[in-house]
Amino acid sequence: GESVGLHLPTLSVQEGDNSIINCAYSNSASDYFIWYKQESGKGPQFIIDIRSNMDKRQGQRVTVLLNKTVKHLSLQIAATQPGDSAVYFCADQGAYNTDKLIFGTGTRLQVFP
Amino acid sequence: DAGVTQSPTHLIKTRGQQVTLRCSPISGHKSVSWYQQVLGQGPQFIFQYYEKEERGRGNFPDRFSARQFPNYSSELNVNALLLGDSALYLCASRLGIQETQYFGPGTRLLVL
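Residue numbers (the numbering used here), protein chains in the order written: chain A, 1 to 113; chain B, 1 to 112.
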């Protein structure tokens with residue numbers, strides 16, 4: 001069946017370092033991927049997305065890389081800040097015209113001073 | 001602009017009871033989806049509504065139902081509550097079929 005998995009449940013980084021969160025997906029037909037950040041007690045917050053016709057997309061301090069060959073994507077956060085501490089989910093929306101997001105279990109990012 | 005809003009924020013029910021959760025999408029958004037997030041896991045898709053019609057359903061029992069109103073707000077109903085229904089229920093909206101989904105803060109349901 002479909003699944004989206006994450007390699008590490010917890011990632012600890014020092015403030016100012018770069019963070020890399022990885023994610024694997026199984027549906028080779030998926031064409032739209034989203035990264036969400038979820039802070040304690042809140043709903044998921046959109047960070048960045050990428051379509052399957054791209055292999056890289058950059059935002060403010062964040063970059064998403066997509067490798068369709070090995071069905072892997074990653075989220076890179078530059079100069080990680082304490083406010084970046086949260087659980088990060090990658091989500092696979094499958095076809096672009098469906099609302100069914102398939103989430104992984106999440107990676108908890110802890111930022112130390 | 002206001003984001004997706006949900007009510008109530010917290011709810012405590014007992015087994016066998018029924019619950020109704022409410023969601024107001026971002027202004028202008030016509031698509032609403034519901035997700036269940038059990039503690040320590042990622043959200044699981046329950047329903048999608050677009051233009052007041054059900055467009056998708058996840059692997060949830062018939063005890064779960066939903067509807068969308070003419071103003072695009074939505075309600076999620078859960079009958080005959082079980083302890084396992086305790087979770088954060090999230091609503092997400094998007095403008096159309098080729099737009100990003102934005103989530104509300106969720107309703108935390110505890111079934112005792």
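Honestly, the hints are just simulated from the structure, not real lab data.
Be aware that one or more of the hints could be misleading.
[Stated by the list, open to error] DSSO-like, lysine-lysine: derived pairs with alpha carbons at most 27 Å apart: (1) A:Lys68 to A:Lys56; (2) A:Lys56 to B:Lys52; (3) A:Lys42 to B:Lys30; (4) B:Lys52 to B:Lys30; (5) A:Lys71 to A:Lys56.
Structure-based check of all given hints:
no. : hint               : verdict
1   : A:Lys68 to A:Lys56 : holds, 11 Å
2   : A:Lys56 to B:Lys52 : violated, 36 Å
3   : A:Lys42 to B:Lys30 : holds, 23 Å
4   : B:Lys52 to B:Lys30 : holds, 8 Å
5   : A:Lys71 to A:Lys56 : holds, 14 Å
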